[in-house]
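Chemist: Residue numbers (our numbering), protein chains in the order written: chain A, 1 to 142; chain B, 1 to 143.
Derived from the structure by calculation, the hints contain no laboratory data. Worth double-checking, as some hints may not be accurate.
[Stated by the list, open to error] If you want the footprint, here are the derived chain A segments under chain B, 3+ residues with CB under 8 Å:
1. 7–16
2. 19–30
3. 45–55
4. 74–80
5. 88–96
6. 116–126
[Stated by the list, open to error] Derived contacts from chain A toward chain B, CB cut-off under 8 Å, selection only:
7. 37
8. 41
9. 59
10. 62
11. 67
12. 71
13. 84
14. 102
15. 106
16. 109
17. 111
18. 112
19. 129
[Stated by the list, open to error] Simulated restraints on C-beta separations:
20. B:46 with A:38: 40 to 50 Å
21. A:34 with B:49: 17 to 27 Å
22. B:71 with A:86: 35 to 45 Å
23. A:78 with B:73: 20 to 30 Å
24. B:73 with A:40: 34 to 44 Å
25. B:116 with A:58: 16 to 26 Å
26. B:46 with A:77: 43 to 53 Å
27. B:1 with A:26: 45 to 55 Å
Each residue gets a CB set at the ideal place from its N, CA and C atoms; glycine is no exception.
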Amino acid sequence: MRLIVALLAGGLFGGGLLVSGMTDTAKVQGWLDIFGAWDPTLAFVLGGAILPMVIAWQIAARRDRAVLGTPIPAPSEPVIDARLIGGSALFGVGWALVGLCPGPAMAVLGFGGSPAWVFFAAMVGGMMLLGGLGLTRQGASA
Amino acid sequence: MIPSDWIFGLVGGLMIGSAAAIYLLVSGRVMGASGILGGVVDGSGRDTWTERLAFVAGVVAVPALSVWGGFTPGVTNATSNIPLLILGGLAVGLGTRMANGCTSGHGVCGISRFSIRGIAATVAYLLFGMLTMYIARHVLGVI
Chain A
1 MRLIVALLAG
11 GLFGGGLLVS
21 GMTDTAKVQG
31 WLDIFGAWDP
41 TLAFVLGGAI
51 LPMVIAWQIA
61 ARRDRAVLGT
71 PIPAPSEPVI
81 DARLIGGSAL
91 FGVGWALVGL
101 CPGPAMAVLG
111 FGGSPAWVFF
121 AAMVGGMMLL
131 GGLGLTRQGA
141 SA
Chain B
1 MIPSDWIFGL
11 VGGLMIGSAA
21 AIYLLVSGRV
31 MGASGILGGV
41 VDGSGRDTWT
51 ERLAFVAGVV
61 AVPALSVWGG
71 FTPGVTNATS
81 NIPLLILGGL
91 AVGLGTRMAN
101 GCTSGHGVCG
111 ISRFSIRGIA
121 ATVAYLLFGM
131 LTMYIARHVL
141 GVI
């Protein structure tokens, strides 16, 4: 059951990335190009994505567990450190250079040809690098 | 008239947010793309790897089937500059794992929870993304 829900949620996420234009690097780079031909589309994507989640967190706040029995993830410690900001800054640089973030990098694998696979392989390499640098994973995301 | 791209953006965004809502309320997980994939890559998500792989399979399969079936155009407009692809990929992979989240985890799931970390991360990657875009496109002319 857990696998079916994950597959369906992943599928809906992937479909949303495709429909919204997040898999089109020209649109993403256009959104970041505020000093050029700025494309505001991503504001609609982010706004549309946050809306259901605001409601979902309100529902989650009144429950201890999700439908399948897993505890609702606790909020992370409200600590803003160099690692959070430095990592996000590095991510922003890479995002601008190519126009793909991790979700779309997976969503384009089926139709993006060799650039998609080169980017994905490098991204996985970057993820492995973290352990190599002695920076092991800390806590949960978000 | 509202540009159709904005409407597709909103509809796609609602799909992304609904997926995150289902994953949270049914499975009890935060839907962060870099975290789900990263846990498989570095072994930190060993006890939940089948669930992670099922999610990734969905993310890859639905857009692929949609494009192959001719339902949606499959245009990435991605650069074919290999060094740029490698540099960008490394930065995205390392950066999102350092920060414990990306656009979906910090951006969508974090902001909607009013998480101070999610908001700070989103401000940081947007600022540095815009700055990089300015330098790379308008100063250096490499993208």
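Chemist: Next step is simple, just say for each hint if it's right about the structure.
Modeler: Do the hints match the structure? See the list:
For the stretch 7–16 of chain A, the stated coverage by chain B is satisfied: 10 residues place a CB nearer than 8 Å to a CB of that chain, which reaches the threshold of 3. For a cut-off of 8 Å, the count of residues in the stretch 19–30 of chain A with a CB near a CB of chain B stands at 10, and the three-residue condition holds. Coverage of a stretch by a chain is defined here by at least three residues with a beta carbon nearer than 8 Å to that chain's beta carbons; for the stretch 45–55 of chain A and chain B the count is 11, and the condition holds. Using a Cβ-Cβ cut-off of 8 Å, 5 residues of the stretch 74–80 of chain A lie near chain B, which meets the minimum of three, so the contact claim holds.
Check result for the stretch 88–96 of chain A against chain B: holds, 9 residues qualifying (beta carbon to beta carbon below 8 Å, three or more required). Under a criterion of three residues with beta carbons nearer than 8 Å to beta carbons of chain B, the stated coverage of the stretch 116–126 of chain A is upheld, 10 such residues being counted. Of the supplied interface hints, the one on residue 37 of chain A is violated, with its beta-carbon coming no nearer than about 10 Å to a beta-carbon of chain B, more than 8 Å. Here the hint on residue 41 of chain A is kept, as its CB sits about 4 Å from the closest CB of chain B, short of 8 Å.
Taking 8 Å as the C-beta cut-off, the interface hint given for residue 59 of chain A holds, the closest approach to chain B being about 6 Å. With a least beta-carbon distance of about 11 Å to chain B, the hint placing residue 62 of chain A at the interface is violated under the 8 Å criterion. The beta carbon of residue 67 of chain A is positioned within 8 Å of a beta carbon in chain B (closest approach about 5 Å), and the interface hint is therefore held. Taking 8 Å as the C-beta cut-off, the interface hint given for residue 71 of chain A holds, the closest approach to chain B being about 6 Å.
Restraint check, residue 84 of chain A versus chain B: the minimum CB separation of about 5 Å is within 8 Å; hint holds. Given hint, residue 102 of chain A at the interface with chain B, holds; its Cβ is 4 Å from that chain's nearest Cβ, closer than 8 Å. Using the Cβ-Cβ criterion of 8 Å, the hint placing residue 106 of chain A at the interface with chain B is satisfied: the shortest such distance is roughly 5 Å. With a cut of 8 Å, the hint placing residue 109 of chain A at the interface with chain B holds, because the nearest CB-to-CB distance is about 5 Å.
A least Cβ separation of about 4 Å between residue 111 of chain A and chain B falls short of the 8 Å threshold, and the interface hint therefore holds. Hint on residue 112 of chain A holds. Least Cβ distance to chain B is approximately 4 Å, under the 8 Å limit. Interface restraint check: residue 129 of chain A against chain B, minimum CB-CB distance 5 Å, threshold 8 Å, status holds. For the hinted restraint 40 to 50 Å between residue 46 of chain B and residue 38 of chain A, the CB-CB distance of approximately 43 Å keeps it satisfied.
Residue 34 of chain A and residue 49 of chain B have their C-beta atoms about 39 Å apart, which leaves the hinted 17 to 27 Å range violated. Range check, residue 71 of chain B to residue 86 of chain A: about 40 Å between beta-carbon atoms, so the 35 to 45 Å window is met. Residue 78 of chain A and residue 73 of chain B have their C-beta atoms about 42 Å apart, which leaves the hinted 20 to 30 Å range violated. With their beta carbons about 21 Å apart, residue 73 of chain B and residue 40 of chain A fall outside the hinted range of 34 to 44 Å.
For the hinted restraint 16 to 26 Å between residue 116 of chain B and residue 58 of chain A, the CB-CB distance of approximately 18 Å keeps it satisfied. For the pair residue 46 of chain B and residue 77 of chain A, the beta carbons lie near 24 Å from each other, so the given range of 43 to 53 Å is not met. Here the CB-CB span from residue 1 of chain B to residue 26 of chain A is close to 21 Å, at odds with the stated 45 to 55 Å.
In summary, the structure is inconsistent with hints 7, 10, 21, 23, 24, 26 and 27 from the numbered list given earlier, while agreeing with the others.
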